[in-house]
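First to last, the sequence lines map onto chains Z and V.
Take the first sequence: its position 291, counting from 1, is numbered 291 in the working numbering, and each next residue is one higher.
Take the second sequence: its position 29, counting from 1, is numbered 29 in the working numbering, and each next residue is one higher.
Derived from the structure by calculation, the hints contain no laboratory data.
Wrong hints could be hidden among the right ones.
[Claimed, not checked] Stretches of chain Z that chain V covers, calculated by requiring three or more beta carbons in the stretch to come under 8 Å of a beta carbon on chain V: (1) 31-42; (2) 119-133; (3) 297-304.
We put the CB at the ideal spot given by N, CA and C, even for glycine.
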Amino acid sequence: MISTALDLVLVALLVAAALAAVGARGLFAGVVFFVAYGVFVAIAWLRLDAIDVALAEAAIGAGLTGVLLLGAVGHLTRAGAGAPPRRPAIPLALACAGISVMLGWAFLSLPDAPGLQVPVAAALPGSGSTNPVTSVLLNFRAFDTLLESIVLLAVLVGVWALAPDAAWGGRPGLVQRVRPDGVLAGFGRLLPPLGLLVGVYLVWAGTKQPGGAFQGGTVLAAVWLLAAMAGVTRAPRVTSLVLRIALVAGPVLFLAVGMAGALGGSFLGLRPDWAAALVLTIEVGLTLSIASALALLVLGPPERAA
Amino acid sequence: MIPSATLFGLAGAALVGIGLYGFLAHAHLLRRLLSFNVLGSGVFLMFGAAAWRSPILGADAVPHALIITGIVVKLAGSALAIALLVQLARATRRAALPEDEGRPP
C-alpha cells in the first residue's frame, strides 16, 4: 500500500517534470526541469530493481545531458539565436495524448511471459561476472557493446569534424573564467578525489554488483569535466596521442579479446576459465574510452587554436 | 496494490506522448532535442517495465543491459545534434529550421 503510494507520487512527479521541461516558458527553465526529470527517472529505475540502469540514468541522463544542454543554451545565447514561439496546437496535443493512451493500452495487454531470466541465470557461472547485467553486456551480447563503443568514437569524429579549420589542434571547450574564491573553484577541488574513488569503485564492483564500465566511466568523465570547468586542469589538445590511445583502448582491447575468442571457436566468446580476467580487462579498457569520449562529447569541438 | 512495473509502464507511455508533442510543437531546435530525450526515456521506461512481466522470476537483465547501451547512445546522439545546431545558430543567428519560420528552405 505504502509502496504503491510512493510509486504514484513518483509517477506524478515524473509526468509533471516532463511537462514542465517540454512546456516551460524559457529555454533555461526547461533545461533545469529536464535535469530534475532525469533524477526522477533514475529513482523510477530503482523502484524497478534496475540498479545498473538507475546509476547510468543518474550519471548520464541527469548529469552529462544536463551539462550538455546548459552548454548549448550558453552557446545559443552568445550567438543571439532565436526561434519562433511554440505553436498552440490543441489537435496535436490530443493526437499525442491518443498515442499515449494506445501505448498504455498495448502495455497493459502484454501477455504475462517469462523473459530470459532462466537462461541468463543458467549461463551466469563461467560468464566471468556474477552481475547478470555485466554478463549480458560483456559476454552474452558482447556484439552490442562492442558496436556501441565504436559508435561513441564515430560520433566524436562527427563532432570534431564541425571544428573550424583554424581551431584544429586546439583544446576543446571554452576557456572558463573562475573566481578563485567561488563555489565552482571550491567544489572543483573538493569533489574530484571523491568522484575518482566512486568511479573506480563502480568499475571494480561491476563484475559482482551493480556498476560497470558505463557507470564508472561516466562518473570519471564528470570528474574530468568538473575539474576542467573549475580551471583545475585543462582539456588536452585534440591531436594529443595519449588522448587518442585512451579513446581507442576499449574497442581495441574488446576486438583483441574477440579475435582471440575467434581462434578458440567463436568470435567474442570468452573461455569460461579465463572469463573473469577477460571481463575485467575489457571493463578497464572500456572505462578509459567511455570516460574520455563522453567528456570530449560534452566539451564539444575545439573553438580556438591554442 | 498495483505492481510498480504497471505504473511505470503507463508513465512511460505518457512520457512518449509528452515528448512527441514537444518535438512537433516547438520550432526551437534545442527544445526539440530536449523533447526527443523525454520521448526516448519514456520508451526506455516502458521497455524496462516490460522486463518485469513475470513477477516470480524478478527483473530480466537483458532489457536492462540493452537500456544502458541505449542511454549511452542517446547521449552521443544528443551531443552530435547539439554540435550541429550550435553551428547552425552561428551561421544563421537562428535556432530553428527555415521551413519552421515560414521561409523557403
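How the hints compare with the structure:
1. For the stretch 31-42 of chain Z, the stated coverage by chain V holds: 5 residues have a C-beta nearer than 8 Å to a C-beta of that chain, and at least 3 were required.
2. Coverage of the stretch 119-133 of chain Z by chain V holds [criterion: at least 3 residues with CB-CB distance below 8 Å; count 3].
3. Residue count for the stretch 297-304 of chain Z with a Cβ under 8 Å from a Cβ of chain V: 4. That meets the three needed, and the coverage hint holds.
When the structure is compared with the earlier hints, no violation turns up for any of them.
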